[in-house]
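**Q** In order, the protein sequence lines correspond to chains L and Z.
Here the first sequence stands for residues 213 to 741, numbered as in this note's numbering.
Here the second sequence stands for residues 55 to 254, numbered as in this note's numbering.
Stretch by stretch, here's where chain L covers chain Z in the computed footprint (C-beta under 8 Å, at least three residues):
{"no.": "1", "stretch": "97 to 110"}
{"no.": "2", "stretch": "146 to 155"}
{"no.": "3", "stretch": "203 to 215"}
Result set (DSS-like, lysine-lysine): computed pairs, CA atoms no more than 27 Å apart in a straight line:
{"no.": "4", "chain 1": "L", "residue 1": "Lys680", "chain 2": "Z", "residue 2": "Lys91"}
{"no.": "5", "chain 1": "L", "residue 1": "Lys682", "chain 2": "Z", "residue 2": "Lys91"}
{"no.": "6", "chain 1": "L", "residue 1": "Lys373", "chain 2": "L", "residue 2": "Lys363"}
{"no.": "7", "chain 1": "Z", "residue 1": "Lys91", "chain 2": "L", "residue 2": "Lys692"}
{"no.": "8", "chain 1": "Z", "residue 1": "Lys91", "chain 2": "L", "residue 2": "Lys501"}
Since the hints were derived computationally from the structure, they do not count as laboratory data.
Virtual Cβ for every residue (Gly too), placed ideally from N, Cα, C.
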Amino acid sequence: MKINLAALLGGLLVAGALQAVEAPAPTKLNTTADHSKFKELQHEFASGPEVTKACLTCHTEAALQIHRTKHWTWEVINPLNNQRLGKKNVINNYCISTATNLGACATCHVGYGWVNSSFDFKSQVNVDCLVCHDTSGSYKKLPGGGQPPVKDTENPPGSGKIVKAIDLAAIAQKVGKTSRDTCGACHFFGGGGDGVKHGDMDTSLASPDKEVDVHMDATGLDFTCSTCHKAPAHDVVGSRYMPTGKDSGDAHMRGKVNKSNPATCQSCHGQAPHKAGAQPAKLNQHTDKVACQTCHIPQFARGGVPTKMHWDWSTAGKLSPEGKPMLKTDAKGHVIYDSRKGDFVVAENVTPEYGWFNGEVTYTLLGDTVDKSNGITLINALGGSASDGRSLIWPMKVMRGSQPYDPVNKTLVKPHVAGNDDTAFWKNFNWEKAIETGMKAANAPFSGKVDFLKTEMYWPITHMVAPKEKAVGCNECHTKGGRLDKIEGVYIPGRDANHLVNLIGWLAAGATLAGVLLHGLLRIVRRKN
Amino acid sequence: MERIYIFTRFERFWHWAQALLIIAMLVTGFEIHGAYKLLGFAQAGQLHTSAAWALITLWVFAIFWHFTTGEWRQYIPTMKNIDKVVRHYAWGIFQGEPHPFKVTRARKHNPMQAQAYLAVKVLINPLIWISGLAYLYYNELEAAGMALNLGTIALLHTIGAFLMLAFLIGHVYLITTGHTVTAHLKAMITGWDEVEEQRH
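Isolated chain L (complex conformation) (with noise of 0.2 Å):
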């Protein structure tokens, strides 16, 4: 009894010395930094230099790291083909291109005041800090310049709709790491809307759950988009116009110098990534020749959003008996016809379609000899095929078109679209004036004469993985007319066989069959009794 209450003793001494120890001081522990502390942000900004101003007081690199970007520069040289692409210079299928239309497409520039070619890219307080570390979700852009509202601005102008001011100040002093929001905020809208463009990236992204994306899963695994697209000095990793169309690589690992392509799936997960299952071993078979994609993206634009699957701009200018511009919607509400754009098809829950895919990829520039008469035009021909040893089969979202071309100098064209003009065709419906224009501001001949070809443009699709449940089962492509039914140059059990041999095999089976029988029935027919 004695012993026991020494002891007893003892442990509430012990318990008082622990709790002696004193709680540390409550502290944010996801950064070193609380920006609202900070004396440069604790005044009014009357503009978007301004903020840039004072981030650029301590992060005194990070507008020259920007400025290396293609974020920055739209511009970026194919070291594979030496094209020079970047947005800048890319045509598509899509709103065609950037050129003169920089005024609506330059919103998204990860700068201030890009309208026409007087745009300052050595100037660092043009960088727009806030457009990516935003964390308040209330900063924006308008139209023409890219400014944020500093007061109440009309847009566009003279529409009558009005944009709240927003307070710079307020955004400044809460900025922090990208997000799946800002990121998103350009990235989603791609083509000029919500999920018009890639097809596995949209709105549904923002705070996906894990049936869309289980990696963006926001109640689990989180990932934003630089969990992956890891941006060393501000240099976003993972370009799709430089993609890696085969990784071989193992796994990254800390302290292991590895120069390889960090945003793609082997990249974490590496060669043989199948551990449980029915088959795992069967499964990891498939790395060498199946991308990731091709089984765990069994369909894209999955979270509600449709993309835009074909865009007819030959339609494009038809106006209501009025005279005015005409929309046209589908039964869900989703445009269909825009006079301004043309015929539309959108689609959720689309299956991809598959090829072989190597990383290279050639677009039709600008100045590219192209003609109706070869079929279909290719705005970016993806290299690969079965026997290169560099190639993967990819899911792509191939988005077909009809867009504007210069049937006697046999070139695409840049027409100027959007502008408060004389010549934009989204005001004045004349494909002449506004392709003239557009081909002017870019140094490049146009003939006068317009004409329309059908193209088509390539998106290997790498967003909205689904929950391995959901993974496109083996019998989807292992059969005829499954998924890879077209897929050239590699043999799937259950689609593919040797059509001699199946023949001399049944008719040496049948051939058994039909004899034993035979021989069978002269038994019974000979037997007496």
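Take the given structure of chain L and dock chain Z to it, following the hints.
**A** Relative to chain L, chain Z alone:
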């Protein structure tokens, strides 16, 4: 009628387990080959692989059994009296003649039968097993520097499967050619064969 015990318990187990596995593998294999839809490719593939490993295991035991018991000698090919056996199946059987070959414990297969089984064991089975294992491990083979075209592997495997199918059809029919229709079947189930007494 004389009764002799020709198929031991292990031999019968081996035979019937093998029969079941081979039939299962033919059914699933030709589905994998795309000949028809029954279980679905995934299920068929899984069953086919599981059955393959079961059969490989069974085979390891069977080979061990053949060598420890000396039963492998049953398959030593011989041409002796083969003409009589061929004549029996081509003619005598229709006349109700008795089989010219007398089953004994030391020689339980007639010369034609022994040759057929030997062909299965040294030609069809190795073709199926080697191509089948290559089918399962073609990535590993490629990694080891022995790059094989999956189409070629599949082709060889399919040829093996057709040969096995033809053998199975013939084999099943020949069960009925004992002195009664079910005599051979009974022997394979009970182990005991009824042999007609040698006529003097």
